[in-house]
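A.B. asks: Sequence:
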Amino acid sequence: MPVKVDVVDNGGQWTHREWRVLRDLGATTKIIPNTTDPKKVDADALVLSGGAPSIGTEVEKLGNCGRYLDELDIPVYGICVGAQYLAVHFGGKAHAATKGGEFGKAHLVVDNPNGLFKGLPKEFVVWQSHNDEIHDLPAVFDSLAHSEHCEHQAIAHKTRPLFGTQFHPEVEHTEHGYDIFQNFLDVVEAWKTR
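Residue numbering for the sequence shown follows the working numbering, beginning at 137 and increasing consecutively.
Hints are computed from structural coordinates only; laboratory data are not their basis. Values in this document were obtained by computation on a predicted structure and should not be read as measured data. There could be a bad hint or two in this list.
Each computed DSS-like pair below joins lysine-lysine, with the alpha-carbon atoms no more than 27 angstroms apart [to be verified]:
#, residue 1, residue 2
1, K176, K197
2, K241, K254
3, K328, K294
4, K176, K140
5, K140, K254
6, K254, K294
7, K254, K166
8, K254, K197
9, K140, K197
10, K258, K294
11, K229, K197
12, K241, K229
13, K140, K166
14, K166, K197
15, K175, K258
16, K175, K328
17, K294, K140
18, K241, K258
19, K328, K166
20, K175, K254
21, K229, K328
22, K175, K197
23, K229, K294
24, K176, K166
25, K328, K140
So the derived label-pair ranges between C-beta atoms look like this [to be verified]:
#, residue 1, residue 2, range
26, K175, V261, 39 to 47 angstroms
27, S279, D322, 18 to 26 angstroms
28, E287, M137, 17 to 25 angstroms
29, G192, D160, 33 to 41 angstroms
Quick reminder that beta carbons are idealized off the backbone N, C-alpha and C, glycines included.
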């Protein structure tokens, strides 16, 4: 039976692409508003989409994302502002990128293949579109990958199935994007049948 993964809409320009990749990989998926009550979420996992809100000044625009993390015991994958929110929610800091906004191609270096990067090359091209980024990682997270201008391109919680990427795996310019989502679905399947 396919895993059910809801995509939480944080206003991202590529939210529908996240939904489409999950659908293409065989997941049962739908897009839900970030104002959805956690009690009404019927999914095996969530993807927190990217979006325009600034993590430093507009965190309230991310709706119930914090409640999903606190109240639901399911895997979560945060993308762009979704990843930044993961860090901030657990005590880290995210704000304007050191080098200013980063848009377009980046060279990703995988430091730890944990979860998302299992079976993938140590280095490949990813696509990004952000003004803010994670600066201080909370103690409960590990950094999985970096690029020249971004120290925490990917993160994972040390004890819970929570992941984040600053880059966008759902866009076609990112190499191995489908593989990253498939690795997340594998985590979801394992969590569901534990």
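A.B. asks: Can you name, in rising order, the numbers of the hints this structure does not satisfy?
C.D. replies: Going through the list in order, the structure violates hints 8, 15, 20, 21, 28 and respects the others.
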